[in-house]
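Once you have looked at the hints, place chain A on chain F.
Going down the list, the protein sequences come from chains F and A. Count along the first sequence starting at 1, add 30, and that's the number in the numbering used here. Count along the second sequence starting at 1, add 999, and that's the number in the numbering used here.
Any given hint could be a false lead.
[Stated by the list, open to error] Derived pair list, reagent style DSS-like, types lysine-lysine, alpha-carbon separation capped at 27 Å:
(1) F:Lys32 x A:Lys1056
(2) A:Lys1056 x F:Lys72
(3) A:Lys1056 x A:Lys1013
(4) F:Lys32 x F:Lys129
(5) F:Lys100 x F:Lys32
(6) F:Lys129 x A:Lys1056
(7) A:Lys1008 x A:Lys1069
(8) F:Lys100 x A:Lys1070
(9) A:Lys1056 x A:Lys1008
(10) F:Lys97 x F:Lys137
(11) A:Lys1069 x F:Lys72
(12) F:Lys32 x F:Lys97
(13) F:Lys97 x F:Lys86
(14) F:Lys86 x F:Lys129
(15) F:Lys129 x F:Lys72
(16) F:Lys72 x F:Lys137
(17) F:Lys86 x F:Lys72
(18) A:Lys1056 x A:Lys1070
(19) F:Lys100 x F:Lys129
(20) F:Lys72 x A:Lys1013
(21) F:Lys72 x A:Lys1070
(22) A:Lys1008 x F:Lys129
(23) F:Lys129 x A:Lys1069
(24) F:Lys72 x F:Lys97
(25) A:Lys1008 x A:Lys1070
(26) F:Lys137 x A:Lys1008
(27) F:Lys129 x A:Lys1070
Hints were generated in silico from the structure; no laboratory data involved.
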Amino acid sequence: QKEVEQDPGPLSVPEGAIVSLNCTYSNSAFQYFMWYRQYSRKGPELLMYTYSSGNKEDGRFTAQVDKSSKYISLFIRDSQPSDSATYLCAMSSALGYQKVTFGTGTKLQVIP
Amino acid sequence: NAGVTQTPKFRVLKTGQSMTLLCAQDMNHEYMYWYRQDPGMGLRLIHYSVGEGTTAKGEVPDGYNVSRLKKQNFLLGLESAAPSQTSVYFCASRPLTSGRAKSTDTQYFGPGTRLTVL
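One chain only, chain F, in its complex shape:
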């Protein structure tokens, strides 16, 4: 069993829809949770960063962490065609150089 599970999709939604992307994990030591966005043939770029449980909002994006269920989510409101990308969840147990464990990514397509 992988430490981090993420549905690969693809997920196709119409422009303006609310998108929900999710990851589950098994390592209870994870405390730092990240979402990266990766456009085709590009490197991942950090989108959201959350420490421990709770919600974090940044514009149209909301990240949620439920440590009791070992479940994290990324919500995208009013989705745009420019949001079409692969979204990777990532998590680690500590600060510093320690290993970051990535999900396999969910491919999202927003149809105009």
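Below, chain A alone, put in the same frame as chain F:
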């Protein structure tokens, strides 16, 4: 400020050939990483470095070597390429952490190198 750059962008090798991938960062970051990304496997850590002159093995180090002679550069070497090393390789860097969690303490990725081994 170019961030993290990788050279080359694309490369095709024959089995048994060797090559070096270069990663450079201009953000004065202490930590640097090499990942490979394969379909259905996600990003897997090959090697990493916590500072100039230091390297350590990651999750999938076999068949690769690394060196960090200068703080800004992290080299990934393939001594004898195999078809199983066909992948997209990403370099990343991150700064020393302040002890308080903040978004700037995360990894910054380069654009990737697409390697095909025939």
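Each hint tested on the structure:
no.	hint	result
1	F:Lys32 x A:Lys1056	holds, 20 Å
2	A:Lys1056 x F:Lys72	holds, 25 Å
3	A:Lys1056 x A:Lys1013	holds, 25 Å
4	F:Lys32 x F:Lys129	holds, 15 Å
5	F:Lys100 x F:Lys32	holds, 13 Å
6	F:Lys129 x A:Lys1056	holds, 11 Å
7	A:Lys1008 x A:Lys1069	holds, 21 Å
8	F:Lys100 x A:Lys1070	violated, 37 Å
9	A:Lys1056 x A:Lys1008	holds, 24 Å
10	F:Lys97 x F:Lys137	holds, 24 Å
11	A:Lys1069 x F:Lys72	holds, 25 Å
12	F:Lys32 x F:Lys97	holds, 17 Å
13	F:Lys97 x F:Lys86	holds, 14 Å
14	F:Lys86 x F:Lys129	holds, 23 Å
15	F:Lys129 x F:Lys72	holds, 22 Å
16	F:Lys72 x F:Lys137	holds, 14 Å
17	F:Lys86 x F:Lys72	holds, 26 Å
18	A:Lys1056 x A:Lys1070	holds, 18 Å
19	F:Lys100 x F:Lys129	holds, 18 Å
20	F:Lys72 x A:Lys1013	holds, 25 Å
21	F:Lys72 x A:Lys1070	holds, 24 Å
22	A:Lys1008 x F:Lys129	holds, 25 Å
23	F:Lys129 x A:Lys1069	holds, 22 Å
24	F:Lys72 x F:Lys97	violated, 31 Å
25	A:Lys1008 x A:Lys1070	holds, 22 Å
26	F:Lys137 x A:Lys1008	holds, 23 Å
27	F:Lys129 x A:Lys1070	holds, 20 Å
Violation of the numbered hints given earlier is confined to hints 8, 24; the remaining hints are satisfied by the structure.
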